[in-house]
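Trainee: Full structure from sequences and hints, please.
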Amino acid sequence: MAKEPPGGREVPEVPAIPTANGGQDAPPPSGWQPGSARSPYAAPPRVERAPQPAPVVPPRPGTGGAPSPSAGPSFAMPQMARAPLDGVSVASVVAGALGTGPIALALGLIGLRRTTRSYRRSPRIAATGVVLGSIGTIALVVVGIVAGLGGFAGGGGTSEPGDVAAPRVVHSSLVAPGNCVQFLPAQQEVGEVTLVPCATEHVAQALTTREVDDATYPGPEGALEAAAAACEDELATRGLDDPAYLPWSFVPTPQGWDAGERTATCLVRSAGAPLTVDLLG
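The UniProt record's numbering applies: residue 1 is where the sequence shown begins, and numbers increase by one.
No wet-lab data here; the hints were simulated from the structure.
Take these hints with a grain of salt, some might be off.
Between beta-carbon pairs, the in silico distance windows are [as the list claims (entries may be wrong)]:
#1 Ala76 <-> Val141: 52 to 58 Å
#2 Ile138 <-> Gln188: 32 to 38 Å
#3 Gly281 <-> Leu98: 49 to 55 Å
#4 Gln187 <-> Arg238: 27 to 33 Å
#5 Val131 <-> Pro254: 40 to 46 Å
#6 Glu221 <-> Gly281: 29 to 35 Å
#7 Ala271 <-> Pro102: 49 to 55 Å
#8 Thr263 <-> Glu221: 14 to 20 Å
#9 Met77 <-> Arg49: 42 to 48 Å
Positions of the beta carbon are idealized from the N, C-alpha and C atoms, including for glycine.
Mentor: Next up, the structure:
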């Protein structure tokens with residue numbers, strides 16, 4: 001029955017919600033005491049989640065849908081063969097070591113081109129051949145220039161008696177009568193000497209030459225003694241037997257004798273100041 005609230009209005013009765021046991025309140029769970037602070041109802045059991053799969057990395061643009069590669073190596077390939085040495089480059093180094101400069105230079109340049117334009121190993125070998133070839137070529141050029149100048153100064157290696165018009169270098173075996181010698185070497189063996197005009201300062205002048213007629217080489221001392229005696233007679237004959245002059249000689253050495261030299265040259269040498277006159281003129 002509805003109760004009459006204050007004010008004379010009636011409040012309708014709210015019907016009871018039916019329950020599973022026919023309208024009876026559900027009994028509290030066992031073990032629950034009235035006045036307890038804990039809820040008489042238990043929470044639902046915790047559900048363990050299954051492990052989640054790793055996120056899928058989206059493909060990079062331009063890879064055709066392939067996944068991104070991992071950080072480490074994922075593939076293997078056959079071992080690549082080492083490029084062969086260039087034979088021309090090796091030959092250039094060998095040629096440079098043997099002193100054939102132009103050949104080594106040409107081979108080195110060809111080797112540089114081959115090693116830089118094809119799959120051949122070590123252009124440094126070709127560069128080494130170029131360096132050796134350049135050094136050898138420069139050395140050959142210098143030797144050629146020096147030899148050419150020496151041949152020009154030596155008048156073609158000929159013996160010319162009398163005074164000379166200009167200085168020239170000749171071998172001692174080519175000194176002829178009348179030639180004025182600028183200097184004489186300090187050592188006993190004589191190689192090349194410089195001939196100068198007799199009006200310029202010089203230390204000696206050739207007087208005559210004679211053939212050594214000994215059947216066997218008399219030795220350096222014997223050859224010099226014989227030449228000195230003959231040279232003293234020559235100075236006396238020409239009126240040069242004066243203390244201001246000394247007899248001097250060029251005679252063959254053992255090596256020159258073996259090479260066929262048989263000529264001894266008699267010279268007059270100044271005992272003091274250099275000479276500036278032609279003693280035969």
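Trainee: For every hint, state whether the structure bears it out.
Mentor: Hint-by-hint comparison with the structure:
no.: 1; hint: Ala76 <-> Val141: 52 to 58 Å; in the structure: 57 Å, holds
no.: 2; hint: Ile138 <-> Gln188: 32 to 38 Å; in the structure: 36 Å, holds
no.: 3; hint: Gly281 <-> Leu98: 49 to 55 Å; in the structure: 54 Å, holds
no.: 4; hint: Gln187 <-> Arg238: 27 to 33 Å; in the structure: 28 Å, holds
no.: 5; hint: Val131 <-> Pro254: 40 to 46 Å; in the structure: 43 Å, holds
no.: 6; hint: Glu221 <-> Gly281: 29 to 35 Å; in the structure: 34 Å, holds
no.: 7; hint: Ala271 <-> Pro102: 49 to 55 Å; in the structure: 53 Å, holds
no.: 8; hint: Thr263 <-> Glu221: 14 to 20 Å; in the structure: 18 Å, holds
no.: 9; hint: Met77 <-> Arg49: 42 to 48 Å; in the structure: 43 Å, holds
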